[in-house]
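Numbered per the numbering used here, the sequence shown spans residues 1 to 348.
Derived from the structure by calculation, the hints contain no laboratory data. Nothing here was measured: the structure is a model prediction, and the numbers come from that model. Glycine included, each C-beta is placed from N, C-alpha and C at the ideal position. Treat the hints with care, since some could be wrong.
Across the chosen pairs, the derived CB separations fall in these ranges [claimed, not checked]: (1) Arg264 - Lys318: 36 to 42 Å; (2) His256 - Ala51: 49 to 55 Å; (3) Arg45 - Pro228: 26 to 32 Å; (4) His256 - Lys52: 49 to 55 Å; (5) Thr262 - Lys52: 46 to 52 Å; (6) Gln168 - Pro228: 20 to 26 Å; (7) Ile331 - Ile261: 22 to 28 Å; (8) His256 - Trp172: 48 to 54 Å.
Straight-line C-alpha distance at most 27 Å; calculated BS3-like pairs for lysine-lysine [said to hold, decoys possible]: (9) Lys318 - Lys77; (10) Lys77 - Lys167; (11) Lys42 - Lys52; (12) Lys54 - Lys42; (13) Lys167 - Lys318.
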Amino acid sequence: MAPTRFLRSLASAHRFSKTRCRLGDTYWPHTLGRHASHPHSKALRAATADAKRKEILGLIYALIGIFFFSLSLPLTKMAIDGFNPIFTAFVRPVIAATLAVPLLIAFKAPKFPQAHLRAFLFTIFGGVFIWPIFIASALNRTTSAHVAIIVSIMPLSTAIFAVLRTKQTVSWQFWAASVLGTALLVLFAISRGGAADADPIADLFTLIAVIASSMCYVEGAQLTQVMPGWQVISWVVILALPICIPASFIAWVLTHHNHVITTRSVVGLLGIGYSSMYIGFIAWYRGLKDAGTAHGSQVQQVQAILTLGWSALLLHEKVTTPMVLIACGVIGAVLWALISRQRIPVIS
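Between the sequences and the hints, there should be enough to build the whole structure, so can you do that?
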């Protein structure tokens, strides 16, 4: 009987080892519960709990990043009151580099990884050049409320690019929540008067900026698989300096006599250089890495709500009751998108 029991236990262990358990796809076959007493179950429970904690922490980091990004539109609007839009776009990385260079030196970061140069160039193209240049040009032609209508599609476009780029698996509920949130954000922007001051060229500029920024987010998040997010954005702004320093100098020489520099515009310029160009990306890339790019990007829908608050505080824009109600709907859509991810059950 002993050999028989031994063979049965061996067969049971073989069946257990063939049970598929993929944390990335967050599902567990129902047969796994039968083996809860298996020695490996404690390790699996620990891995499951760690995955949950990592995802929650990632969402928190993403939200912190969005907090800084939400300052981008109002601060840019403040900056272009005293500076040329092209100058503000090129000088942003130069300002950010005053933090990036000392940090890389202080923490003795490894040398730049040449093998990932292509991904870095892609990120620089979208995040350092296309987004700031085109969004500043759009804001120079129309209001931040109108620009916000098209910017509202960024969470959805980021999720689409993330799924295409990383082959992530998301549920139909995620897409439904994402589309609902985008529709509410468009309605939200219209309620702020965004339907007025229409400008086809400004709309085109904004759309180009949104697409480029979405792709930049995805590529940057991929780079965090090989180095910390703060190193990614640090190298991004440093690699952009050979172009940005001379370009910002030329833009300044050609345009500074057309503008009156004020304390308000200087605060706006420093703000977009430090907050939305650097500090925000440190938290944002960490969040996308831990929570998953597609799911983490949905936190970005909250950006419009935060931008509303900053616009009221910094630009003295009016906040109405319908805006607040729509904002609550957007938050609900974000929560739906986040919980639509299949839960990782803890083995008991």
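Hint check:
no., hint, result
1, Arg264 - Lys318: 36 to 42 Å, "violated (20 Å)"
2, His256 - Ala51: 49 to 55 Å, "holds (52 Å)"
3, Arg45 - Pro228: 26 to 32 Å, "holds (28 Å)"
4, His256 - Lys52: 49 to 55 Å, "holds (53 Å)"
5, Thr262 - Lys52: 46 to 52 Å, "holds (49 Å)"
6, Gln168 - Pro228: 20 to 26 Å, "holds (21 Å)"
7, Ile331 - Ile261: 22 to 28 Å, "violated (38 Å)"
8, His256 - Trp172: 48 to 54 Å, "holds (53 Å)"
9, Lys318 - Lys77, "holds (16 Å)"
10, Lys77 - Lys167, "violated (37 Å)"
11, Lys42 - Lys52, "holds (15 Å)"
12, Lys54 - Lys42, "holds (18 Å)"
13, Lys167 - Lys318, "violated (42 Å)"
Going through the hint list in order, the structure does not satisfy hints 1, 7, 10, 13.
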